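Quick mapping for you: the protein sequence lines, in order, are chains U and F. Quick note on numbering: numbering that gives the first Met the number 0 labels position 182 of the first sequence as 181, and the sequence is numbered without any gaps. Quick note on numbering: numbering that gives the first Met the number 0 labels position 1 of the second sequence as 0, and the sequence is numbered without any gaps.
None of these hints come from the bench; they were simulated from the model. It cannot be assumed that every hint is accurate.
With the Cβ distance kept under 8 Å, some of the chain U side facing chain F (calculated, not the full set) [as the list claims (entries may be wrong)]:
no.	residue
1	G35
2	I40
3	D61
4	L63
5	G226
6	S232
7	Y236
8	D243
9	P351
10	R352
Simulated restraints, written as ranges between beta carbons of each label pair [to be verified]:
no.	chain 1	residue 1	chain 2	residue 2	range
11	U	R44	F	L41	16 to 24 Å
12	F	P38	U	L223	29 to 37 Å
13	F	R55	U	G86	27 to 35 Å
14	U	N109	F	E77	50 to 58 Å
15	F	D52	U	R37	20 to 28 Å
16	U	G226	F	T57	32 to 40 Å
17	F	K33	U	G366	48 to 56 Å
18	U	R216	F	K33	27 to 35 Å
19	F	L76	U	G227	21 to 29 Å
Values in this document were obtained by computation on a predicted structure and should not be read as measured data. Quick reminder that beta carbons are idealized off the backbone N, C-alpha and C, glycines included.
The chain contents come next:
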Amino acid sequence: MIYLDHAATSWPKPPKVIAAMTDFLERIGGNPGRAGHRLSIEAGRIIYKTREALAELFNAGDPLRVVFTSNATHAINLALHGLLKPGDHVITSGIEHNAVMRPLRFLEQNGVRVSVVPCDGEGIPDPQNFARAVEKSTRLIVIKHACNVTGTMLPVAEISAVARRAGAFLLVDAAQSAGAVPVDMRMMGIDLLAFAGHKGLQGPPGTGGLVIGERVRAEDMTPLTRGGTGSRSESEYQPEDLPDKFESGTLNGAGIAGLGAGVDFVLERGIEAIHAHETALAKMLAEGLGNIPGVRLYGSNDWKRRSAVVSFTSEKYQTSEIGFRLDEEFGILCRVGLHCAPAAHRTIGSFPRGTIRFAPGPQTTAGEIAAAVAAVARILK
Amino acid sequence: MADGESAYSVILFHTNSAALRAEKILLREGFAIKLIPVPRQLSSDCGIALRFDRSRETRVGEVLEAAGVPIDSIHVLE
Ligand SMILES: Cc1ncc(COP(=O)(O)O)c(C=O)c1O
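Turn these sequences into a full structure, and let the hints steer you where they fit.
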């Protein structure tokens, strides 16, 4: 079997991720922050260590600004619902995932104004157009870092400059880039970073988070959920302290232990090395697929501005049929269709049929890529 | 303890995460500290507090302030 669906979730997980989860359940297992006994404290330490590793990875500063959520979608919802009030204006790009568009469209029905900046055919928006869309009440700009359909990376630093001039915050959906591409919150001017733990960071499903940058105060955001935090228990009102304000209820301790080990794996391999490895494989894929008659590739040819996903279509067959045959006849697993991002497919001209997407991971080999290209060539022959 | 020499100081934090952060920073700096359940006489909170020898109170306070760890309050535990 050849697994080329790392953009959906990474697999197999590094053995140390599984070991960390087993260890948490077998040996630790206490409820972090809910008691003062040794197993509760030890669980808390493991979770804190994961916060610290993520803060380092993203150059976020204070580890207490890392808020754990159950996935990137949950983190994006927390930021959008937390920040935007009726009357506020928000700007986004024309290639966003439904994790961003659906909450924005819901908020729009409830009095938030939404502007969508279109992208060119490669999925890149012009930062000037963000500047043009700014209004007096612009509170937030929200963009993807890397596109899950084309791999295109957006000019985050330039768009951040627009946000700063407008007195707005910048929320970046780093679901695809975290763990796969360097992400530096301070250097790129990111105020809020939403990440998935289960993709490039190599953690288990059910992990993700929102990193709240230093320009955003806890008071600027309302929580999605309120409840027990193990702190200020005498009060029936939600505390304002980070991270507790946004972390009511028992955390996914075993998952976060696994995520911590996943971040260790990424830091040990080195994010630059992982990015270089995956980019080389994606380039191989694009070159190989590009040589097959009738194949159309999407996204930028500038590999310095791309993460490792390759989307294509064929004139001859439906994407679903190619995906099914890759799985059935060749044991090659990929994702076909709209990838929860209809806006991105409209932008690149593949709506409504979608594309076939290959996404290699840190453990993928050149041999597996060659086999995938050969399989597509066989199917399209 | 009449002479106060072996009395402990206890720091309460607003969150457990802050207590854990303080523990890590202070252990790295070589302080002898221990996380304990919040003493009932100090607060009704169900969380954890940091305990250490009272003689280190000033230094501990300085280190945590320099690192930007917010604390709730410092108490003497007789
Ligand atoms: C760009 C982008 N945003 C958001 C998400 C949602 O991530 P999650 O499944 O962790 O909620 C994904 C992946 O599915 C994605 O690719």
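Verification of the hints:
no., hint, verdict
1, G35, "holds (2 Å)"
2, I40, "holds (5 Å)"
3, D61, "holds (7 Å)"
4, L63, "holds (5 Å)"
5, G226, "violated (14 Å)"
6, S232, "holds (5 Å)"
7, Y236, "violated (13 Å)"
8, D243, "holds (5 Å)"
9, P351, "violated (45 Å)"
10, R352, "violated (47 Å)"
11, U/R44 to F/L41: 16 to 24 Å, "holds (22 Å)"
12, F/P38 to U/L223: 29 to 37 Å, "holds (33 Å)"
13, F/R55 to U/G86: 27 to 35 Å, "violated (52 Å)"
14, U/N109 to F/E77: 50 to 58 Å, "holds (56 Å)"
15, F/D52 to U/R37: 20 to 28 Å, "holds (21 Å)"
16, U/G226 to F/T57: 32 to 40 Å, "holds (38 Å)"
17, F/K33 to U/G366: 48 to 56 Å, "holds (53 Å)"
18, U/R216 to F/K33: 27 to 35 Å, "holds (32 Å)"
19, F/L76 to U/G227: 21 to 29 Å, "holds (26 Å)"
Taken one by one, the earlier hints fail for this structure at numbers 5, 7, 9, 10, 13, listed in ascending order.
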